[in-house]
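Engineer: Here's the letter readout for the chains.
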Amino acid sequence: MTTTRTRLGGTHLLDIESLSPEEIALILETADAMKEIGTRPIKKVPALRGTTVVNLFFEPSTRTRTSFEIAEKRLSADTLSIAAATSSVAKGETLVDTARNLEAMAPDVIVIRHPSSGACHLLAQVCQAHVINAGDGMHEHPTQALLDAYTIREHKGGLAGLKVAIIGDLLHSRVLRSNLALLTTLGAEVWVAGPATLIPRGLDRYGARSTTSVDEAVEGADVVMLLRIQLERMRGLFIPSLREYFELFGMTRERLALAQPEALVMHPGPLNRGVEIASDVADGPQSVILEQVTNGVAVRMAVLYLLAGGVGAD
Amino acid sequence: MQLLLKGGRLVDPASDRDGAFDILVDGDRVVRIDRQLPLPSRAFEVDVPRDCVIVPGLIDMHVHLREPGQEHKETVASGTAAAVAGGFTAVACMPNTDPVNDNAGVTAFILKQARAAGLARVFPIGAVSRGSLGEHLADIGELKQAGCVAISDDGRPVATALLMRRALEYSGMLGLPVLDHCEDPSLKAEGVANEGAMADRLGLRGIPAAAEEIMVARDVALARVTGGAVHICHLSAAGSLDVVRAGKASGVPVTCEVTPHHFTLTDEAIGQYDTNTKMNPPLRAAADRDALVEGLGDGSVDVIATDHAPHHADEKLVEFDRAPFGIVGLETAVSLAFDRLVHRNVLSLGRLVELMSANPARILGLPGGRLHEGGPADLTLLAPDLAVTVDLGALRSASANSPFGGWELRGGVAATMVGGRWVYVNPAAPGAAALARIEAVSASRRGKHR
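Chains as they are written, first to last, in my numbering: chain U, 14 to 327; chain W, 44 to 493.
Source of the hints: derived by calculation from the structure; they are not laboratory data. Virtual Cβ for every residue (Gly too), placed ideally from N, Cα, C. Watch out, some of these pointers could steer you wrong.
[Said to hold, decoys possible] Output of the computed footprint for chain W on chain U, the stretches with three or more beta carbons under 8 Å from beta carbons of chain W:
no., stretch
1, 112 to 122
2, 126 to 136
3, 158 to 168
4, 214 to 220
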C-alpha cells in the first residue's frame with residue numbers, strides 16, 4: 014500500500030489502538046528501507062542528527078533497550094539511557110518529577126518502559142517531547158507488535174487471512190494486547206490459548222477466539238507465537254508449576270506438527286526453554302525468533318524517524 | 044434571635060410533611076412548624092424563594108476528614124466547610140486517621156476541631172479493632188462515651204469472621220452499628236480497577252465483584268446470628284445488593300449505602316488512566332451501576348453517602364497502579380443525586396430526603412433527619428432546578444480529586460443552616476443575597492449577646 018504521508022499523525026506512539034491502518038502500513042514500509050541500512054558497511058544515516066533521545070527504562074531489558082539504542086545511533090541521534098535503579102527514582106522521585114527534570118534539558122524523544130500500565134500516557138501528559146512506549150505494565154508494547162507483524166509480512170507477504178495462534182500467559186502480557194490490536198486490524202484470524210486462569214475477558218472485542226486447548230489453537234496455524242511464563246504466576250496461584258505448564262501448553266515438535274508445515278515460530282523473548290517452548294523448537298528451522306530481533310531495530314528506526322525525523326522539512 | 048422561613052415547600056418524610064409550611068427558628072432550635080405562621084415582633088422574615096425546597100439537614104454518614112495525621116489532604120475545618128457547601132449539616136467521619144481513632148483521645152480531638160470550625164456537626168466513627176489492625180477489639184465502650192456513633196475499620200474490611208461476630212455482639216450491646224467495608228483481601232489482592240473488559244483492555248489488575256459479594260454475605264450471616272446491626276459501606280455490585288435484599292427480606296438488621304460516583308459512573312470512566320476515577324470499591328460495569336440505581340429507587344438501598352476521600356493533587360499525579368484510592372464527593376453529591384436520580388424519575392424528593400437525611404440519622408441514632416418543634420435547627424435549602432457547572436477550582440475541600448470537573452448538572456444547594464445559623468449560602472442560588480444579608484445581621488446580633 015503506497016502513501017504520500019511522511020510522518021505519523023500523533024506526537025507519540027503509546028499504543029497500537031491509536032494507530033490508523035495507514036500509519037501502520039507507513040511504519041512497515043519505512044522499516045523496509047531502514048532494514049537495508051543495517052546491511053551496509055557503514056550503518057548510519059543522518060536522519061536524526063542533532064536529535065536528543067532519552068531511553069528511560071524502569072524495568073530491566075536486554076533486547077528492547079539495546080534495540081532502541083542501536084536504532085537511535087544508526088539514525089545519528091544523540092542517545093542516552095537511564096536505568097531507574099541507578100537514578101533518583103531509587104531515592105523516591107516520582108515519574109512526573111523525573112520527566113519534568115528531563116524535559117528541562119530539552120530531549121526530543123523519550124522512550125519509556127515502565128512496570129505500570131498507563132505510565133507512558135502520564136508521561137505524554139506532562140511532556141513536550143515525543144513519547145514512545147517501550148512497554149507499559151501489562152498494557153501494550155507497540156513496537157514489539159509492529160516488528161512481529163513485519164516479520165510475518167516478510168515471510169508470508171501479508172497478514173490478511175492468516176491464522177495466528179498466541180499461547181502463554183495472556184492475562185499479564187502487553188505483547189498479547191498489542192498483537193491482538195495489530196493482527197486483527199491487519200486481517201489475521203487470531204486464536205489465543207492458555208490456562209483458564211490466565212485468559213483475559215473481553216477478547217471478543219478484538220474478534221479473537223480463545224481456548225484452553227493448545228492443539229485447537231495450533232491446528233492449521235500459519236504463525237505460532239509463544240509468550241513467556243513468569244515464575245511469579247505460581248505465587249498468584251495461576252499455575253501449579255512450570256513443569257505442568259510445559260506438559261499441557263509447552264510448544265513441542267509434536268504440537269507444532271499440527272500447524273501448517275511452513276508455520277513460523279515466534280517469541281518476543283526472553284525465552285524460558287522447557288517452559289513455554291521446547292529448546293529444539295526454539296532453535297528449529299521454523300523459528301524466526303532471532304529475525305524478530307533484527308527486525309526490531311529496523312522497525313524502531315522507522316518509528317523514531319516517522320515521529321521525530323525530518324525536522325525542518327515540514 | 045428569631046428567624047421565620049416563610050412560604051417554602053418543606054419535604055420531611057420522617058415527619059410526614061410535604062407541602063407549604065412556615066418554620067420559626069429561635070436561637071439554635073426549631074420552635075414552630077405550621078401553615079401560615081405569624082411573624083413575631085423581633086423575628087427576621089425570610090421569604091423562601093419559589094424554586095427552593097426546605098429539607099431536614101442532609102447527613103453524610105461516610106466521610107474521611109483526614110485529621111489527625113493527614114492534614115495535607117483535608118482537615119476537620121476544610122472538610123466541614125466542604126460539607127456545608129454540599130448541603131450537609133452533619134457528617135460521620137471514619138477512623139482511618141493517623142493515629143487511628145481507636146481511643147477517646149483522638150475522638151475528643153476530632154470533636155474539638157469540629158467545634159472550633161463551627162460548621163457541620165461531626166459525629167466520629169470509632170475503630171472496630173485497635174489500630175484497625177484486625178486483631179483485638181478496640182475499647183468500643185470508651186469510644187461510645189467519647190462520642191462515637193458507630194464503629195468501622197473502613198479502609199479495610201473487618202478482618203475475620205470471628206472479629207466481625209464479636210464486634211456485632213459487643214457493639215450491639217452498646218447500641219452502635221458496625222459499618223463494614225466489604226471486600227475479601229485475597230481476591231482483591233493487588234487489584235486497582237473493576238475486573239472486567241476495561242481493566243483487561245488497559246492492562247490493569249482487576250478486583251472482582253465477587254470480592255465484595257462474599258464479604259457482604261459473611262456480614263449478613265453474622266448479623267443474622269448475632270442480631271447486631273450491620274451497615275454495608277459503599278455498595279458497588281449488583282450481586283452484593285441481591286444479598287442485602289435477601290437478608291432484609293428475612294429480617295436481618297442490615298442496611299447499605301451507595302455513593303454518587305457508583306450510581307453515576309462505570310469503569311469506562313477510567314478512560315486513559317484517569318486516577319480521579321480510581322477508588323475502592325472501584326467503578327464497575329453498567330449492569331452494576333444500573334442495579335444500584337434500581338435499588339435506590341425500590342428501597343433496597345438505605346443511604347446515599349459520599350465516601351468523601353480527599354487526596355492531595357501530587358498523590359494522584361502518578362501511575363494508576365500507585366495512585367491512592369478515593370475521590371472527594373461532599374460538594375457534588377446533591378447535584379448528582381438531583382440530576383441522575385430525581386430528574387430521571389428514579390427518586391421522588393421525599394425519597395431523596397430519606398436517603399440523605401432520615402435514614403442516616405436513624406441508622407446512626409443521630410438527632411436530625413427530621414425537623415420538629417424543639418429539635419435542632421439543622422436544615423438545607425435545596426434548589427432542584429439550579430444549573431450547576433462543577434468547578435473543581437472553587438471547591439471548599441482542601442483537595443480536588445474528582446472526576447466531575449466541568450460537569451453540567453441540574454440541581455444544587457441554595458443554603459445550609461446548622462443550629463439556626465446560615466453556615467453556607469450559595470452565591471449563585473436564588474435568594475442568596477437576602478439570606479447572606481440576614482445571616483450577617485444575625486451574626487452580629489449573636490455576637491452582642493455573648
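Engineer: Quick one: see if chain W covers the stretch 126 to 136 of chain U, three-plus residues with Cβ-Cβ under 8 Å.
Structural biologist: holds (count 8)
Engineer: Would you check chain W against the stretch 158 to 168 of chain U, counting CB to CB pairs closer than 8 Å, and say if three or more residues qualify?
Structural biologist: Result for this restraint: violated, n = 0.
Engineer: Are three or more residues of the stretch 112 to 122 of chain U within 8 Å, CB to CB, of chain W?
Structural biologist: violated (count 0)
Engineer: Does the stretch 214 to 220 of chain U contain three or more residues whose Cβ lies closer than 8 Å to a Cβ of chain W?
Structural biologist: holds (count 3)
In terms of the numbered hints stated before, the structure departs from hints 1, 3, listed from lowest to highest.
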